[in-house]
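Protein chains: 2
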Amino acid sequence: MTRQQLVDSIFAKKSFLCVGLDTDIQLLPQCLKAKTDAGFEFNKNIIDATVAFATSIKINTAFYECDGLKGWDLLERTAHYIKQNYPEIFLIADAKRGDIGNTSKMYARAFLQNLPFDAITVAPYMGADSVKPFLEFENKWVIVLALTSNSGASDFQTLTLHDSQKKLCHQVLETAVKWGTANNMMFVTGATRAEMLSQIREIIPHHFLLVPGVGAQGGSLSEVVKHAYTKDCGLLVNSSRGIIYASGGDDYASKAAAEAEKLQQQMMELMGL
Amino acid sequence: MTRQQLVDSIFAKKSFLCVGLDTDIQLLPQCLKAKTDAGFEFNKNIIDATVAFATSIKINTAFYECDGLKGWDLLERTAHYIKQNYPEIFLIADAKRGDIGNTSKMYARAFLQNLPFDAITVAPYMGADSVKPFLEFENKWVIVLALTSNSGASDFQTLTLHDSQKKLCHQVLETAVKWGTANNMMFVTGATRAEMLSQIREIIPHHFLLVPGVGAQGGSLSEVVKHAYTKDCGLLVNSSRGIIYASGGDDYASKAAAEAEKLQQQMMELMGL
Chain H
1 MTRQQLVDSI FAKKSFLCVG LDTDIQLLPQ CLKAKTDAGF EFNKNIIDAT
51 VAFATSIKIN TAFYECDGLK GWDLLERTAH YIKQNYPEIF LIADAKRGDI
101 GNTSKMYARA FLQNLPFDAI TVAPYMGADS VKPFLEFENK WVIVLALTSN
151 SGASDFQTLT LHDSQKKLCH QVLETAVKWG TANNMMFVTG ATRAEMLSQI
201 REIIPHHFLL VPGVGAQGGS LSEVVKHAYT KDCGLLVNSS RGIIYASGGD
251 DYASKAAAEA EKLQQQMMEL MGL
Chain D
1 MTRQQLVDSI FAKKSFLCVG LDTDIQLLPQ CLKAKTDAGF EFNKNIIDAT
51 VAFATSIKIN TAFYECDGLK GWDLLERTAH YIKQNYPEIF LIADAKRGDI
101 GNTSKMYARA FLQNLPFDAI TVAPYMGADS VKPFLEFENK WVIVLALTSN
151 SGASDFQTLT LHDSQKKLCH QVLETAVKWG TANNMMFVTG ATRAEMLSQI
201 REIIPHHFLL VPGVGAQGGS LSEVVKHAYT KDCGLLVNSS RGIIYASGGD
251 DYASKAAAEA EKLQQQMMEL MGL
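These protein sequence lines map, in sequence, to chains H and D. Take the first sequence: its position 270, counted from the start at 1, is 270 in this note's numbering, and no numbers get skipped. Take the second sequence: its position 146, counted from the start at 1, is 146 in this note's numbering, and no numbers get skipped.
The hints are simulated quantities; they were obtained by calculation from the structure and are not laboratory data. Please note that a few of the clues may not be correct.
Each computed SDA-like pair below joins lysine to any residue, with the alpha-carbon atoms no more than 25 Å apart [stated by the list, open to error]:
(1) H:K33 / D:Q266
(2) H:K44 / H:P87
(3) D:K70 / H:F40
Derived contacts from chain H toward chain D, CB cut-off under 8 Å, selection only [claimed, not checked]:
(4) T36
(5) D37
(6) M106
(7) A110
(8) A123
(9) G152
(10) Q171
Cβ coordinates follow ideal geometry from the N, Cα and C atoms, glycine included.
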């Protein structure tokens, strides 16, 4: 997907919501538990119910790998279902991969070539040659971790470097932007540290940010918009548990839709549309 | 596997070799290409041929994910085959995972609970809560990236921090050792930077190091031993491509065995045994 297609989709839907499919088989609604293909039915119903309010869907690979072969099958079928039925959805593999060049190339093929993902999240610790192989696919995106939403982000990401006097996460932004462009690279910046988003915007005024941490993790949507919204929107804000587990009952899909719509309505208002 | 079991196995086999199964389906020997289960036959034959010379096997998940469902199936069957037939082998999932706590917990379950791996490699960028969930399984190990063997390691890992005046990779060691013990945590330190291993040994004198970069990447085994060998050995040195692709012909397994034996003989000599 091109940047223009993504921006058009955001303004058409008046939403920059990313729905996170962190589908934990053990947490499925009771009404699905006896079904043979419960995971797919859950994902399908959540997708169909929320897709009107979202521009993006993020599949968190951990929740699928955890269920082994069956889980990987669910991941693949879910990705294909989304792209076949809703090609306008910006589909993210939240995989946090990254390895030496020849290995990253295999991860890149796995998600960006052999599966229909538009983007993959990548960890920056191993540097340029661990990220660049993901940038070799036309109209596909790399989303590099910069400042994450979890408490451990302060262990290394916010430490100051000696030479540049910059925080590590800012150095990651400055170095990584040179590997790609604002048309094939985004950055993960957590909503739980919204006050730091202004500084991040100074370094990368044009890049899209994938912002987790709204919802279960406590981040504020209006704060994110205040500090990081651009004329092209420039944001994909993710909510996972707050949407997909809005209800554990038979009404899980309609409740998920209601939560997604609530966020979309807030986004529309914050966008001034 | 306990640390004592690993150390006993190293001294019994007079080897601290880890064979890396970076099995690229497109690079299989010609004689296997027509077979229906070529990947498994290749892995099985490589394992059977090299296991006498190795204490550890490392499965690089990227090369399996790249082949989708079939690849994940191969990963699982290979892991089970190794542990069923060679339970003394220290089996590593080279997966470079790491995410927020509730997600890392799912990755940990995937590899350390639902599959028979003894250890998994983990990226440190997201800090404590991204690594700790992997430490909750008895006699299982986390192998944290510290100083990797690739060129991109110099992008961030070797930058100096302002407050501690330490390199980031040294700070990672100092911080991460507090999350676990020398009985459940190792570190990845590349053989291509052997001169830096002495400094690393000052910070972590007792922890095992997983050392990639010998072979195709150009690192020297004797330099690694000189700078980082301990009385418990303290090393697992990996070779992947140099062993499994030693020959592209019918003799791929015997040639792999010869390469593994060559490394084992060098190791035995360097161990003074």
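Hint by hint, here is what the structure shows:
1. H:K33 / D:Q266: violated (56 Å)
2. H:K44 / H:P87: At roughly 15 Å apart (the allowed maximum being 25 Å), P87 of chain H and K44 of chain H satisfy the hint.
3. D:K70 / H:F40: holds (19 Å)
4. T36: Since chain D brings no Cβ nearer than about 18 Å to T36 of chain H, farther than 8 Å, the hint is violated.
5. D37: violated (15 Å)
6. M106: Since the shortest Cβ distance to chain D is 4 Å, the answer is holds.
7. A110: Given a least distance of 4 Å, the restraint on A110 of chain H holds.
8. A123: holds (5 Å)
9. G152: Holds. Min distance 2 Å.
10. Q171: holds (7 Å)
The structure is inconsistent with the numbered hints 1, 4 and 5, although it conforms to all the rest.
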